[in-house]
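Protein chains in written order, with our numbering: chain B, 616 to 1037; chain G, -15 to 363.
Hints in this document: simulated from the structure, not taken from any laboratory. Since this is a predicted model, take the numbers as computed values, not measurements. Here a beta-carbon is modelled for each residue, glycine too, at the ideal position from N, C-alpha and C. It is possible that some hints are incorrect.
Stated by the list, open to error - Listed below are several chain G residues computed to face chain B (Cβ distance under 8 Å; list not exhaustive):
#, residue
1, G54
2, E227
3, A238
4, T250
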Amino acid sequence: MFLRLLFESFRRQKRRKLLAGVAVALGVAVATAMIAVATDIGDKMNRELRTYGANIVAYPEEDTLDVQVGGVDLKPVSQGAYLNEADLPKIKGTFWRHNILGFAPFLPVHLAVTAGGASLPDVQLLGTYFAKPLKLGDDSFTTGVRTTHPWWKVEGAWPADDSEQVLAGEDLARKLGLKPGDRIQAGGRALEVTGILSAGPAENQGLVGPLSLAQAIAGRPGAVRQVFVSALTKPEDELARRDPASMSPEVRDRWYCSPYANSIAFQIQEVLPHARAEQIRQVAQNEGAVLNKIQGLMLLITLAALLAAGLAVSAAMATAILERRREVGLMKALGAGNVAVAALFFTEAALLALLGGTAGYAAGLLLAQGIARSIFASRVALQPVLFPLVLGVAVVVTFAGSAASIRRALRFEPALVLRGDA
Amino acid sequence: MNGDGQPRSARSGGRPRMFVRLLLRAMLVRRGRALTALAAILVASGATAAMLNLYVDVQAKLQREFRGYGANLIVVAPQGATLPEDALAQVDAALAGRGTAAPFAYVIAKTSDGAPVVVAGTDFTRARKLDSFWAVTKWPDTPAGALVGRRAASLLSPEGRPFDLTFGGKPLRLAQAGILKTGAAEDSRVYLSLPEFTAWTGVGATSIEVAASGTPEEIRQVMQRLASALPGAEVRPLRQIQEGEARVLGKTRATLLASIALIILTAALCLLATLTAWVMEHRKDFAVMKALGASHRMVNAFFAAQAAALGALGATLGFFLGVGAAAWIGRANFQAAVTPRLSLFPAVVLGSIAVALLAAVLPMSILRRVQPAAILRGE
């Protein structure tokens, strides 16, 4: 009898049930989309923050002091120590290799440049990787400044790695009247300028070329002055600020296995012989601050969205039940107890919540993907645990929304309701 | 009402009064139902007001966070020259309080064993404000105190003892006041206070680093003002900082906008559903009024006025609720108050009146086709 009542209720009141179901689905869809976007925003924004460039730098441990003013390296190439280029792929072999988005080695050399009639006696040529394919074991990956320095803008084309092509900084290009495709004389070679670079003050005044070219000009094959690493890191907390030397073994393991800028730097130091790696505080510190604020904001807004969605579902359920007062009256007049009537309504509500919730979950995921694709041009990570969670919340909210109305519907005198007076 | 005839006003005066009375009684007698609808409007307009308020303010709040990255502009003297004495004052005037600036000067000095080291002069109070990412053990407070970079310190005075530097044949003895750590070129430098630096080297400030806050457009204006105030110097944007900020801020705003659109849509639909139900509940009043001879227009106006009154009342309360919620979010997440935007008030109120009217009109068009007798009979 109960099942038949239930079945008939859905069969005969299709339109009304559909409306309530749509309301539940809509609320669940909004909640799912917001939760999916909010839980993923940290990762997405972390990637966007990589626009600021590398957050870890590695340099030779025994190095002399940098002599750098305004970004231009004034240290003679004969001075100081070097890292070995052959060791660099090992950076992708550390514990947190998947968090390392890329790295770029740098070797500055100074040379005289002649182009057309003009010549400059001292120009910095920065040797680096642009998008160099590398191999570590069976893994192959591409790395270079195009990943680590996304704010570098090139008018023209990027040079090929291992070639005699260079980028001319925009200030240098203005001084020498260079355009993409021009040839210049530098370091006893004829170099092709493939593009004009707009980057930092130092790069704008010099040339940027393949690492192999800078090594050949300096006469130091395999030499690298510094390596800039761009990694996805976790915002610094109390544990990250502690000195790893003073930690107990368990705490140290936890520190080692958290992707803090400091622990990733420590792991890079472990794989590169005679190297010291450090977080670049300007980038690494602020990343955490900005990320925390954005995540906090999204969390609070998600709460607001959940509240709005919960209210929408409750309101729809309340309306649906109040409209059926006469049915309640009839059932009670025929001898149904309060418990039987309430059970029927709650079962109906649960069914609606499950059906609407499933549809809403699917729609919400689509919505989240749409948002992620249009804003971040990437997919949102799926969290399977979200599905039972969202369904559970949908059932609870639907029950909460129905409870008050069901109680009210039960209180009416059957005779009054049936006469149409209530 | 406009006083163009006593009799006319008397004749039509009875109906508006009746109308207002009906309106008031309808709301007061069925208080429960009206309160439910009012609550829905309150929450919907509250959520909308909070989200809009936050959206307007969040850019300014986040921009403040981005100033942690330090300078986004740099003013540089031409090669071999120094900036004029009043350059810093000019920069401050151009910023007009919306940003910070610090002067810097650099020379390459020699250590006692002849190795080159970059020595910089700056204003420590300003540098501290500008470069909040510098990790400093102790900021110098005496003129002879120097802030020594981590790598420079391990070379110059590993035990923290005073050390000697020479520049152009002039020696200078410095005490290490604190150690500076940034992970970049600053680690290899020694920082002095600018007057001390100038007295020793004879070199004045050669560059001023500027952190200007505001939208890209406002920063461009600051650059123009700087360029015209300091014609000899070159004003350069620091693309790394500006691009990163523009990108992250743009994405955050877009995500916020999408979320806010979702929330407002949900709130509006919730409102629509509740009000529709409320009007349907009143179909008996509708039938009675029509049976007593009220015109369609009269009945429509009655329901519309009721819906609009509910909308206006709910939205007014909801707006202040929302402003409070936005202020709380601002305090909880940014440790700063979100300024209430009263300019949003008309938009929120008009919006919810519009949704309320829409919610009233939809069921009205259904009820219009029904005979009053059928409703009264309870069909």
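Now the hints, each set against the structure:
no. : hint : result
1   : G54  : holds (6 Å)
2   : E227 : holds (4 Å)
3   : A238 : holds (5 Å)
4   : T250 : holds (4 Å)
Hint violations for this structure: none, all hints satisfied.
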